[in-house]
Amino acid sequence: MIETERREALEDGKIIELFLERSEQAIDELSKKYGRLCLRTAENILGNPEDAEECVNDAYLALWNKIPPERPELLPAYLLRIVRNLSVKKYHANTAAKRNSHYDVALDELEDCFPANTSVEEEAEARETARLIDVFLETMDEPSRILFVKRYFHGDSIEELAALFSTTKHNVSVRLSRTRKKLRKFLEEKGVSL
Amino acid sequence: MNQNDKREKISEIIGNIDDKYIYEAGKAASEAFSEETRTNSRTNGKPLKLPFRKGWIVAAAAAVLVLLLGGASAFMISAEAKEYQEAVAFFEENDLPMDGLSRAEVKEVYRDITTRTFTSKKTEEVIRSRVAGFEILQDEPTPEELAAVWDESPWQKVIKKNGDSYQILIEWKRTEKEIVHYRSQKHKDIVVTDEPVMTIISSSLGFDKSVVEFYHDAELCWSAALPQYAEECLLTSMGTIVWGRTDKVRTTGVWLARIDTAGQILWEKTVRHGFEQESAVTVLDDGDGTFTLVTQGDSQVCVSRYDADGNELSTLNAPLDEYGVAAATRLGDGYLLQLRKWNDQCLVRMDADGTMHDPFRIEGDDCDYFISDMVEFEGKIYLSARAVPPAELKRKYRNDLTAVLLDIMWRPDVREMTSEELTPLIRSNYTAVLLVLDPESGKPETFYSVKGCLGSYLHVRGTGKLEWEVQSITSSRYRGLNSYTVDGKMEIWQYTFDENGELLLQEDTGNTETFTR
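Chains F and V, in that order, give the protein sequences.
Position 52 (the first sequence) corresponds to 52 in my numbering; numbering is contiguous.
Position 182 (the second sequence) corresponds to 182 in my numbering; numbering is contiguous.
Source of the hints: derived by calculation from the structure; they are not laboratory data.
Note that the Cβ used here is the ideal one computed from N, Cα and C, for glycine as well.
Take the hints with a grain of salt, since some may be wrong.
To be verified - Restricting the straight-line Cα-Cα distance to at most 20 Å, the calculated cross-link-like pairs of lysine to aspartate or glutamate (EDC-like) are:
#1 K443(V) - D413(V)
#2 K6(V) - E138(F)
#3 K182(F) - D413(V)
#4 K89(F) - D413(V)
#5 K182(F) - D18(V)
#6 K89(F) - D5(V)
#7 K190(F) - D413(V)
#8 K122(V) - E138(F)
Stated by the list, open to error - Computed list of chain V residues with no C-beta within reach of chain F, every gap over 10 Å:
#9 D19
#10 A28
#11 S102
#12 M350
#13 T418
#14 L504
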């Protein structure tokens, strides 16, 4: 058995303190703890590792510039949101030929959750709809909720999720399909349209 | 919306979910990742499991086993889920909002109300948010006070205009014209088929008639069709007096009608007082078999008295300068008029002989009042108004929401503001106020007020009750565009007072109106 040198990851609070002290070790620790998750999220959306690495590095820089004065309560969520936003921006900036069909497939799955409407909604309603989805997510069991967020926020593939949950791809697909049906019903009751 | 737009919109929505779910999912993945990097994997980490059908059967069996063995954890999980379901059902049955509440908070409010404890802050927030037009006077109600509000459940009582009320319907002449045209299908410029298609075009030819309906306790008692454009009705000791105008497009003349208690039209006539254009302001029941019609035209106010048969008994005019008459009511032997122009509003007393006194304005110590209606009730003058923070004179009457608009329009996230963020700001700008005016001194006193609302119409019912409509702002959105507009919805509530000024009822009328500033 090969022993590897393993250092316990720093607590999030300590990482934030490193940011506040303007210590470059903050980025090292952040990368060690969340680097793989960030890269995976970015690569899910962008479809290639080079763009993903670029977005993650940009996210680290963004964090360096935001903290201080900001002091996020949930550091990984804060970081992942920046990674995702940068990745989505880069994704939209790519030409149509370079679009990631894998990420599009995930978004297309969600299309059926929103009742059809030909009008274009205001930006503010995206936040309102997200808030309703938060309410919906709260009603779900934890594994189903994690599955939903991993699929549609992080863009994980069905294969990856099946491996993560040690189950079959079919089971993952069925579970996601059931969740989407419930979400559609919930949003219809709330009068949401897209 | 094309496919790419939809994807972008969905991506944006998902990107806005709460941090705690991103954290939860990220943490789960991190645990799984940490498992991958360990050389002695699978033994240290705990793989995530989805509760699929087989798993549920196993879990249910395990729950039974645990119960039998006296274990508590599985029982607690299923009991928690059951309680949550009951709480959700309770919220739905009682029409309470769950928006923004976590699972734990939903259960907390459910327990707090069903055990009649009423000590949870969340319970107070839920009740306050549901009854936006119901005045909970206390900033921090006691459990007993909150229980009383809960027992009243005003949001579940939707009145259908109890007592007497009118509805005016305007009907238009329409024609339906059939037009036949031919639709061709062509293939490479060669006509393949040529089939006739009939289209029906409906167009309006103008005003047809007004239909006045009278309701008592939401039951239709009668309806009457009238040949002119009816604007308002008043129930008097002589039956119903209807007034309106003779021409929809141009206000050329005023028209009156009287309908008896069975719905029979006794008479209808056009009245003219020498003005090029004349419009009706209101009709006042004099209580002695006569009524007074207040009109305006050619920068003058005209007050005319009529008997029950519509014969004019007297008339007098007075100059208005640049003002228009917004409302009028009796004040002793004379009248009180509310005058308005684009940058000013005021009240003025008018004697029975037409003598106009100096105008006066209702001013608050720390607010500006915008008066929307006034009425005489039991010898006192009541004014319905909205109170807003004081503004500079030059923009005083232009927009009563200017202060809030100036505050938010420069925010970088203004277009992303949700109704939950914006509506409290809008509501904080307004207070609906019912003022009672001392007819001698002209000094108003606040009779009643409701925060977050605008004062609307006042009605005096024959049963000796004063009804005050209040518009409660319940939702809003910022529509920047070029004119920095806020619009939204208002629920209409009705407050009913008796002749002693005691509040009898607070009721949701079930009606809504739009709000734009």
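Here is how each hint holds up against the structure:
Restraint check for K443(V) and D413(V): not satisfied, since their Cα atoms lie roughly 44 Å apart, outside the 20 Å limit. Note on K6(V) and E138(F): the hinted pairing is violated, with a Cα-Cα distance of about 25 Å set against a maximum of 20 Å. A hinted pair counts as satisfied when its Cα atoms are at most 20 Å apart, and K182(F) with D413(V) does not qualify at roughly 31 Å. Restraint check for K89(F) and D413(V): satisfied, since their Cα atoms lie roughly 18 Å apart, inside the 20 Å limit.
Between K182(F) and D18(V) the CA atoms are separated by roughly 19 Å; this keeps the pair inside 20 Å, and the hint holds. Between K89(F) and D5(V) the CA atoms are separated by roughly 14 Å; this keeps the pair inside 20 Å, and the hint holds. A C-alpha spacing of about 25 Å is found between K190(F) and D413(V), which places the hinted pair above 20 Å, so the restraint is violated. Only pairs whose Cα atoms come within 20 Å are accepted, and K122(V) paired with E138(F) is accepted, the gap being roughly 17 Å.
Look at D19(V): its CB is around 4 Å from the nearest CB on chain F, not clear of 10 Å, so calling it non-interface is violated. With a closest Cβ-Cβ approach of about 5 Å to chain F, A28(V) is found to fall inside the 10 Å limit, against its non-interface label. Once the 10 Å rule is applied to beta carbons, S102(V) is inconsistent with being away from chain F; the minimum gap is 6 Å. Distance check for M350(V) against chain F: the nearest CB is about 49 Å away, which clears 10 Å, and the non-interface claim stands.
With a cut of 10 Å on Cβ distances, T418(V) falls inside the contact zone with chain F, its closest approach being about 5 Å. Annotated as non-interface, L504(V) keeps its C-beta farther than 10 Å from every C-beta of chain F; the closest such distance is 35 Å.
The structure is inconsistent with the numbered hints 1, 2, 3, 7, 9, 10, 11 and 13, although it conforms to all the rest.
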